[in-house]
Amino acid sequence: MSTTLDLHCHSEASEDSRAPVEAYLNWITLRRAERPLDGIVLTEHRQFNRDADYRALEDKFGLMVLRASEVETNYGHVLVFGVNEDILARFDFANIRLDAQELIDEVARLGGIAVPCHPGRPNIGLCEHYLTKPALQNVVAVEMLNGGSRKGENERSEELIQRFGYAATGGSDSHLVSLIGLCATRFAAYINSIDGLVRELKTGSYEPVDFRPKRKPVARAVEAEAK
Amino acid sequence: MAVDYDPTLINKVFEVTDPVTVTPEMIQKFCQGLGETNPLFTDAEAAKKGPYGGLVAPPSFAVTFRNGRHFFQHVPRFGRAGFDAGKDAEFVQPIRPGDKVTLHSHVKEIYEKTGRSGTMVFVVVRSTLKNQNGEVVAHIDHRFMNRT
Amino acid sequence: MKFEDLHIGDTLGPLELFVSKDQTRAYARSGGLDAPRFTDDEGAKKEGLPGMILPGNMSLGLLAKLVTDWIGVSGARMVRLGTTYRVPVQPDHTLTLSGFVTNAAPGERIVEIDVWIENEDAERLVTGTASVQFPSA
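Protein chains in written order, with the working numbering: chain A, 1 to 227; chain B, 228 to 375; chain C, 376 to 512.
Calculated directly from the structure, the hints in this document are not laboratory data. By construction, the Cβ of each residue, glycine as well, lies at the ideal position given by its N, Cα and C atoms. Where hints are given, some of them may not hold.
Label-pair restraints from in silico Cβ distances [stated by the list, open to error]:
1. B/R293 / C/K420: 42 to 52 Å
2. B/L236 / C/S511: 18 to 28 Å
3. C/P411 / B/R374: 11 to 21 Å
4. C/D415 / A/Q47: 37 to 47 Å
5. A/R199 / C/L424: 39 to 49 Å
Residues on chain C that point at chain B, a partial pick, calculated with CB under 8 Å [to be verified]:
6. M376
7. F378
8. L381
9. I383
10. A401
11. S405
12. D444
13. G450
14. M453
15. N478
16. A479
17. A480
18. G482
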């Protein structure tokens, strides 16, 4: 039995999102035919929402709500799954200059997994950093599909992932209710907890899935003022 | 490493702008720039029968009021030129022709993050717009992004 | 349009809108925004931009208009609008403006709406959320 999770989204706990978790779950329920998710993983910016309790909402909607973090490093942004007290004691998530190699190694040692996200984005993605710095060691998985990408960025991510043989994940990177679940990760295994998610992420038995609607093309305006 | 600034400047109101009297022409010009056609904003006669009993400015007119140059002398500068990164506007009541609008502004928050443009310092300036009766018409949070 | 008739998932637009350089200049000048980045390509390039861009306030105004056109003359009022400028918006392109009703608070008679502007490549350039309050029944 497989499990499909949106591994990257932001609720109103992040400074740049106003989306309530309940509205996310309601939207997934409404759009289940197009976005068949079993749950979401909240990856709030530069923090871990330690005290949030989404159990009542999970019961109401029959969807899983797991908690993780998106932190900022010298190699771009990184999703941290399996955040625990040891990891929080080891790293200041609010620091936007974390050392990526240290984060990857230490998070793994302390029982979690660090997954670099949107590698194709300028400045905050792996691709650009790999041009000038050595490739990171011990990376298991990298986000390939990101719902907030500009044209070409997901393609750049895919190229990098293939070149280095990383496992690939997907997530919507949603900051808006209606964008939840547009990209996700389908796991071969059944997952029902953050420990299960961390365990499966380490196996590599999953693939990114794309639920973005194909929009009808919009014609480019004639370059009237070309001269 | 946190952003370096004087924390006492947060929430301090440095300046109240001179009142700007809103004219029907200002509203009309603004509407033309946006291609506005809603009669509540463009047709004084039709607007009389509407919910406001007269012509009002479109809500987004509220974001066009600007702080005086003196305000920014108090705002710390980080890196190169600032860009407008976004706004959060709360529209408390409509702005009408004849209103005399003043801005009461303070620095609400300063924080750092990284994005497509590199390391950025965000300075959030909150402006409260008041009319000639001292009533609040809007609160506007301007997020200025500075690349460092 | 009445609060009772709305549903989560209702759409605003999509509205395809061609925004010309002249319209951008007209908007910029009406608001005293005469910086080169809003008025001429060469000046904008000197600031490291790909060419002239729309002022953030103009994008905000276009999204506000999407919402107030949807409201029409019904007596509902947009009470809040927040925007994030993700990617500079360039004139002489066809922009697509869309919105969705995402939440409703029956007590306050307020609906929450997601709005955004996309370019021809379906890149979301500007995103935002709006709140619209309806009069008592």
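Minimum beta-carbon distance criterion (8 Å), C/I383 to chain B: 23 Å, violated
Hint status (Cβ of C/D444 to nearest Cβ of chain B, threshold 8 Å): Holds - the Cβ of C/D444 comes within 8 Å of chain B, reaching about 6 Å at its closest.
Does C/G450 pass the interface hint, meaning its C-beta sits closer than 8 Å to a C-beta of chain B? At 4 Å from the nearest chain B Cβ, C/G450 passes the 8 Å test, so the hint holds.
Between C/D415 and A/Q47, does the C-beta distance stay in 37 to 47 Å? 42 Å, holds
Taking the least C-beta to C-beta distance, is C/N478 closer than 8 Å to chain B? 17 Å, violated
With 8 Å as the cut and Cβ atoms as the points, is C/M453 at the interface with chain B? 5 Å, holds
Hint C/A480 vs chain B: min CB-CB distance below 8 Å? Violated, because the Cβ-Cβ distance from C/A480 to chain B comes to roughly 16 Å (cut-off 8 Å).
Can we keep the C/F378 interface hint, with Cβ of chain B closer than 8 Å? It is violated, given that the least Cβ distance between C/F378 and chain B is near 14 Å, above 8 Å.
Hint says 11 to 21 Å; check whether the CB-CB distance for C/P411 and B/R374 agrees. 18 Å, holds
Do the Cβ positions of B/R293 and C/K420 conform to the proposed distance bound of 42 to 52 Å? 25 Å, violated
May I ask you to test the interface hint for C/L381 with respect to chain B, counting a Cβ-Cβ separation under 8 Å as satisfied? 18 Å, violated
Against the range 18 to 28 Å, how does the distance between the Cβ atoms of B/L236 and C/S511 compare: consistent or not? Violated - the Cβ-Cβ distance for B/L236 and C/S511, about 43 Å, lies outside 18 to 28 Å.
Comparing the model with each earlier hint shows violations of hints 1, 2, 6, 7, 8, 9, 15, 16, 17, 18; every other hint is respected.
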